[in-house]
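Combine the two chains into a complex, taking the hints into account.
Each chain, written out:
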Amino acid sequence: MLAFVVQRLYQAVLVMLAVALIAFALFNYVGDPINNMVGQDTSQADRERLRQELGLNDGFVVQFARFVARAARGEFGLSYQQARPVGQIILEKMPATLELSFVAATLALVIGLPMGIYTGLHRHSWLSQLLLGLSLVGVSLPTFLIGILLILMFAVVLGWLPSFGRGSVVTVGWWSSGLVTLDGWRAILMPAVTLSLFQMTLIMRLVRAEMIEVLRTDYIKFARARGLTNWSVNFGHALKNTLVPVITIAGLQIGSIIAFAIITETVFQWPGMGLMFIQAVSFVDIPVMAAYLVLVGFFFVVINFVVDLLYHVVDPRLRVDRERVGIG
Amino acid sequence: MTRRLLWVCRCALSAAALVVAVSAIGEARTFRWANDGDPTTMDPHARSDLFVTTFDMNMYEPLLRRDRELKLEPALATGWSNIDPTTWRFKLRQGVKFHDGTPLTVDDVVFSFQRATAPGSDLAGQLAIVKEVKKIDDSTVDFITDGPAPILPNYLVGIAIMSKAWCEAHNTIRAAMLKDEESYATRNANGTGPFMLKDRQPAVRTVLIKNPDWWGLDDQPIDVDEVVFSRIENSATRVAALLSGELDMVCNVPPQDIERIQKTQGMKLWETPELRTIFLGMDQGRDELLESNVKDKNPFKDKRVRQAFTQAIDEDAVKTKVMRGFARPTALMVGPGINGYDVTIDKRYPYDPVAAKKLLAEAGYPDGFEVGFDCPNDRYVNDEAICQAVVVMLARIGVKVDLLAQTKAKYFAKINAPGFTTSFYLLGWTPTPLDTLHMLSNLAQTRSKDFRDGAWNEGGYSNSSLDELIKKIQVELDSEKRNELISAALRIVKEDFAYVPLHQQIVVWASRANVELAPMGNNDFQLRYVKLN
Numbered sequence: 001m002l003a004f005v006v007q008r009l010y011q012a013v014l015v016m017l018a019v020a021l022i023a024f025a026l027f028n029y030v031g032d033p034i035n036n037m038v039g040q041d042t043s044q045a046d047r048e049r050l051r052q053e054l055g056l057n058d059g060f061v062v063q064f065a066r067f068v069a070r071a072a073r074g075e076f077g078l079s080y081q082q083a084r085p086v087g088q089i090i091l092e093k094m095p096a097t098l099e100l101s102f103v104a105a106t107l108a109l110v111i112g113l114p115m116g117i118y119t120g121l122h123r124h125s126w127l128s129q130l131l132l133g134l135s136l137v138g139v140s141l142p143t144f145l146i147g148i149l150l151i152l153m154f155a156v157v158l159g160w161l162p163s164f165g166r167g168s169v170v171t172v173g174w175w176s177s178g179l180v181t182l183d184g185w186r187a188i189l190m191p192a193v194t195l196s197l198f199q200m201t202l203i204m205r206l207v208r209a210e211m212i213e214v215l216r217t218d219y220i221k222f223a224r225a226r227g228l229t230n231w232s233v234n235f236g237h238a239l240k241n242t243l244v245p246v247i248t249i250a251g252l253q254i255g256s257i258i259a260f261a262i263i264t265e266t267v268f269q270w271p272g273m274g275l276m277f278i279q280a281v282s283f284v285d286i287p288v289m290a291a292y293l294v295l296v297g298f299f300f301v302v303i304n305f306v307v308d309l310l311y312h313v314v315d316p317r318l319r320v321d322r323e324r325v326g327i328g
Numbered sequence: 001m002t003r004r005l006l007w008v009c010r011c012a013l014s015a016a017a018l019v020v021a022v023s024a025i026g027e028a029r030t031f032r033w034a035n036d037g038d039p040t041t042m043d044p045h046a047r048s049d050l051f052v053t054t055f056d057m058n059m060y061e062p063l064l065r066r067d068r069e070l071k072l073e074p075a076l077a078t079g080w081s082n083i084d085p086t087t088w089r090f091k092l093r094q095g096v097k098f099h100d101g102t103p104l105t106v107d108d109v110v111f112s113f114q115r116a117t118a119p120g121s122d123l124a125g126q127l128a129i130v131k132e133v134k135k136i137d138d139s140t141v142d143f144i145t146d147g148p149a150p151i152l153p154n155y156l157v158g159i160a161i162m163s164k165a166w167c168e169a170h171n172t173i174r175a176a177m178l179k180d181e182e183s184y185a186t187r188n189a190n191g192t193g194p195f196m197l198k199d200r201q202p203a204v205r206t207v208l209i210k211n212p213d214w215w216g217l218d219d220q221p222i223d224v225d226e227v228v229f230s231r232i233e234n235s236a237t238r239v240a241a242l243l244s245g246e247l248d249m250v251c252n253v254p255p256q257d258i259e260r261i262q263k264t265q266g267m268k269l270w271e272t273p274e275l276r277t278i279f280l281g282m283d284q285g286r287d288e289l290l291e292s293n294v295k296d297k298n299p300f301k302d303k304r305v306r307q308a309f310t311q312a313i314d315e316d317a318v319k320t321k322v323m324r325g326f327a328r329p330t331a332l333m334v335g336p337g338i339n340g341y342d343v344t345i346d347k348r349y350p351y352d353p354v355a356a357k358k359l360l361a362e363a364g365y366p367d368g369f370e371v372g373f374d375c376p377n378d379r380y381v382n383d384e385a386i387c388q389a390v391v392v393m394l395a396r397i398g399v400k401v402d403l404l405a406q407t408k409a410k411y412f413a414k415i416n417a418p419g420f421t422t423s424f425y426l427l428g429w430t431p432t433p434l435d436t437l438h439m440l441s442n443l444a445q446t447r448s449k450d451f452r453d454g455a456w457n458e459g460g461y462s463n464s465s466l467d468e469l470i471k472k473i474q475v476e477l478d479s480e481k482r483n484e485l486i487s488a489a490l491r492i493v494k495e496d497f498a499y500v501p502l503h504q505q506i507v508v509w510a511s512r513a514n515v516e517l518a519p520m521g522n523n524d525f526q527l528r529y530v531k532l533n
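As you go down the protein sequences, you meet chains A and B in turn. Numbering-wise, the working numbering puts 182 at position 182 of the first sequence, and it's gapless, one number per residue. Numbering-wise, the working numbering puts 150 at position 150 of the second sequence, and it's gapless, one number per residue.
Please note: incorrect hints may appear among the correct ones.
[As the list claims (entries may be wrong)] Between beta-carbon pairs, the in silico distance windows are:
#1 A:Asn57 x B:Ile345: 41 to 51 Å
#2 B:Lys71 x A:Gly87: 41 to 51 Å
#3 A:Gly74 x B:Glu370: 46 to 56 Å
#4 B:Asp378 x A:Leu91: 25 to 35 Å
[Said to hold, decoys possible] Here are some chain A residues pointing at chain B (derived, C-beta under 10 Å):
#5 Asn35
#6 Met37
#7 Asp41
#8 Ser43
#9 Arg47
#10 Pro85
#11 Leu152
#12 Gly159
#13 Arg166
#14 Val170
#15 Val267
#16 Ile278
#17 Val281
If you are wondering where the hints come from, they were derived from the structure by calculation, not from laboratory data. The structure displayed is predicted, hence computed values, not measured ones. Idealized CB from N, CA, C, for every residue including glycine.
Just chain B, same shape as in the assembly (with noise of 0.2 Å):
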């Protein structure tokens, strides 16, 4: 009897610890989202994929990072000076440790960056302009730069630090990301970040947990323990993923179904105007246009067609009807949040068809003239939609364009560097170390022979006048006065009418109504500013 009698209470009990358990696993605060895209690698120094290193950067981070205004924070340097022109000096955080427990030095700092800038990594080209990373003493690390370099900090922001114990023992030295084997960093990650790794199904799901040890904590508590990320790359599937419950939060959101989730109880929207430009550009190098009637002359190489382009283009119609309100107009190939933007000048010139439309005729075009178009479809926010709606109102001026709108793969293979065969575009620049002269340098200088400069001036604009301020840009590093050179250059670019800006695109995340989190402008998602209340 009595035996009987503990065999039921014992069963009792682990029915009971089963329920403890159960309901310990319903309290994990769980944070599952999904977005189109998938971060093919956790290896952070593999891609400079913004989306692969937005999501790696929550399990490894970089000396510098961003807060949520976007503003240099210190991550695992404290703190950090010019000591002379070309020498930036880190002081790196103690007390660090990764997630496999090994302490972070000085010697991880240097190895990262050799790592980053070798063969098989695609962030050189962001480090160029490091000539050496040196270590000084155990906790100081100083990089000689080839000349000034008022932005380095900025750049900093995308590298990430890993083991270099870990990286020795598996293997992985070097971020391979095209030789025979599988790299090790590829499916796993060690990083001193605020998440680990737990899971990784590539292009399907991948679980990152809470780092209990992690350095910043006492600071910025972190609410959740597991984040569950999916790729839904149907959109109309990703929003009925959230809608049902499947999900807390989507990002990207397309514009026609931003009104069903307003309208959905329990749901909210995130927008946030995003450091992307969306621009047009023309053809002002070649002698004659590859794509035109015109011929033994370039109409672009003139000012006024220049012009007349840029004011026949009803950008609040694009705004309302073709984005439906998720953009924000500007004049400008920089927005808000771009170190050097300035607001005074920031002021479109007026949409006026008939104005335009004299301007040609002044230019010797009365009659318009005809010209190719290249746009892609699967790039940025309802681009093909906007090529349209650029072709409508370019028609009204005259000028017959021949869109040809097709997939990113195509479309860059055939307007990029060394071909540039193109004679008109659309693109859209988001300036990676968010400061103006990244943009200026790519856009605006005039291409030298290696491309270095004027990388993706796909039109071949050319001003000796705003090349040399690019130059002084480059090295000035009092920001007051490379604050007001950068202005000088914005207005150049927009006085000689170079692109025709039309808008910063609004992107919009959905999220349920319980979830905080902070979105930024540069797309970067930091899961640990996300809550569950």
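Excised from the complex, chain A in its bound form (with noise of 0.2 Å):
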């Protein structure tokens, strides 16, 4: 077990050192952060000075080489549009990031499951035909239409809910939460529908596929043999397999919720990671860019690594083959 934390360390490293590398080489293609840092009347030699101590004229090793050597001691520089230590920026932003991700994923279940029994246990059913053909809907439209369609209807027409922003918030350390008041709940729903639509309309999708298939098998003919109530045939055997797969899905869904979120977060105008990223690609902050491409390459390792885990976790077969193997 040991053997295998140790090694899956050693991969993140690599993988994040990959994922900065890639990011470096990117921020080429960018443009240039000094006239956004600049006004129009800023002399070419006042350009040139920021432009040298910023280390922009250095070339593409050297600079990569110092924003490793500075990362691994925790320090990702200042923001060129803020001004402010990029570490400071993200702490700020990761909540809101976090809250939402979190509120879409529990959506995403809490409905999408359900659903999927339905559709699976109820085939032919009218309402099956319809929740299928919205999960169509549902998968097709573009994020940014369904929020500016939800916007227009609950914000502007209806006049229920906020369209923009995060509600209040209360801060306990450097945790904002907006989760413990009625107007941060008010303004996290259409940001987090919007978010797990998609999620929601997989998880349907895959638990009505796997009941469907589970519900074939012969161990469920067998149990239906037995006497066995519908209730404990469907929920008790059936839905038990299908989970298996729906725990890997919807884990290794997360990192995509959460790099999905800048969509999300920037039709919301919600001040998350997300929406701080497309700030920074249009104003080339090139340090905020770095930091937040390796700090989402290191969500989705960790989140690999859980679910590695998991896995041994909740496949038994899994631990005898290592076992037989180590033994052997």
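Structure, rendered in structure tokens:
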């Protein structure tokens, strides 16, 4: 087990280095930050001085090495746009994104799972057809369009929910939470629904397919032959066996929810890391972009790691195989 | 029994107090507005970004400011004059206090100008002509300049006065833009202005409250108690937030949303002709264009080609089709509101593709030629769409234009000094001091080696008689004579077809019908003018 963890950590470092390297290579194509930072009356000499101070004249390798060396010490420099430490900015934005992702993932599970079970059990009912049809709309409409439509409906026409921002937040230490105020819940509803739609559809379709698959198997037939109740067959036997792949996929999707949050956050002006990243891109705020990409890389590595560990917990066969190999 | 009665009474009383308190909050006059950009720093010296300066100048104040008609008016200075050609003397307003209670002194003024010109500040470029700022007595300060400086007062509008004691106490005597630590002044403010900083969440929300001790309250009562600014980048969301009643006002309404707001009850639009001129520039410096099929010569060196380009552009169509009417076609490189603008010569060469094609043929290009075209796609209103229209219009006279529209960070890196790697481009220009000289010396003067002159003359335009004229304008203190010289210079730029001026864009803001405000052509937004009826 320890060897496994060490090996994983080693891989994580490699992955993050690779992410940073690719990110840095891309920064050469986003443009020149200097013109965004200074006014039209700043002299050419002053522009050149600023460029020198920021180290933008150094070669790619030098810039990359400097970034890695500083990042290893937890320093990401100052944001070009805000003139504040990048680490501090990210810490400020992280709770917003994590809360949004958490609520979106919960919504996807809590709504997607029952819908999947229902459409799996009642394949030909009109409600199933309706849900499947709606889910098709859910996956095919782009996120920003769904967001704008929701805003139009619930903020402009009905006036029920706020169209932007996080509402009022309560700060505990460095964490700011919108989930403890009514205002915050009102604000998170539309962004969370927008963000969860895709995952919800995915989970529903996955559960449905797995259910249909499992319901055809022999042991379900035997269970029915034993005279068990429908409830016991459907939920005690069938559902339990569909959950293993669902947990895996849902876990892995948390990473993409955080990544997908970029678009949702832009539409709803949700003050999270995704919005921060978009702002950084348009300003060519290299320190913020670099730190964000490395951080997202880190998230994915951690999530994958946890999922790998869960595999071992959930699926006994994996453990047995490995032990046998160990003995052999 | 009595005790219980007392208890009930006390409860009722405190409930009543609560109601009173709540309704008092309800009565606090809050003005909520949003823009696509954020005032990235509260430090008024750190950036020379239009929106940052505009925002911060509600908390800080300059010596002189502009009124709603853009005329200079006294702010922290009560009077100013030229005591000799190279000295401007300012009288400081007495009895002014900073938000923290310390009184404003001449030392603060001297300190502020040192801070604004020191490394770490981005304002040095505007004050390059100032040699020294000298304290004369407790109410007088002199600005000694390197030669006569007729428009120095115009520049001072953008320089905020900070408290020396406050900056020293918080270790921010330099506007640190990019050191390893955040400067205290980045998220805190202590000015003398009509509003005080209450809460600052960078890129999210900034809350200002009325300064009850502002020196100007007698002449100009301030109507709002609290101002909440939110940054909303997505224009659809911004407009939706206005329509849903979450905001009182939004800046920069995109042309496609204007009609919708117009049709909504209880909303109103604020249209302001901006002072920025959108124009096309051509590389006239190189002997061979970088991006063209014409080899060994540069077609733009021929005045007839430049005239052909000018007459091939149907600006009326650009105005109605691309800008949906929100533009003011111009023949000059400056618009009304800029000192030196001359209405008598602001007459466009007529749109005439036939004449244009003839001019091209005379210049030796009967079948036109091919040229690259640089354009930003996120800098000006509908910039990329304007460029696409230009491509179509030039195709009619046989010129094949290869459009490269890209984000401003890439666009400016391509066309700016020192490379100037462009053959043909679209740019916009607002003279910082709202004076024509600034346009002339940046866009029309021959480029100097250090690019101090002609810094934004991307096309390398050069005309020695114009250069002479510009040098005279720089030192002429008599404003009548000076404006005559400016007219002559504008005439040369026009008749030489140095640029192809297109239009001044009209910026549109939207608000609820009960809001009164004073949008200004330089995009200045002074919250002291806001009224909620």
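These are the hints, each one checked on the structure:
no., hint, verdict
1, A:Asn57 x B:Ile345: 41 to 51 Å, "45 Å, holds"
2, B:Lys71 x A:Gly87: 41 to 51 Å, "47 Å, holds"
3, A:Gly74 x B:Glu370: 46 to 56 Å, "53 Å, holds"
4, B:Asp378 x A:Leu91: 25 to 35 Å, "29 Å, holds"
5, Asn35, "4 Å, holds"
6, Met37, "8 Å, holds"
7, Asp41, "4 Å, holds"
8, Ser43, "5 Å, holds"
9, Arg47, "8 Å, holds"
10, Pro85, "6 Å, holds"
11, Leu152, "7 Å, holds"
12, Gly159, "6 Å, holds"
13, Arg166, "8 Å, holds"
14, Val170, "14 Å, violated"
15, Val267, "6 Å, holds"
16, Ile278, "8 Å, holds"
17, Val281, "9 Å, holds"
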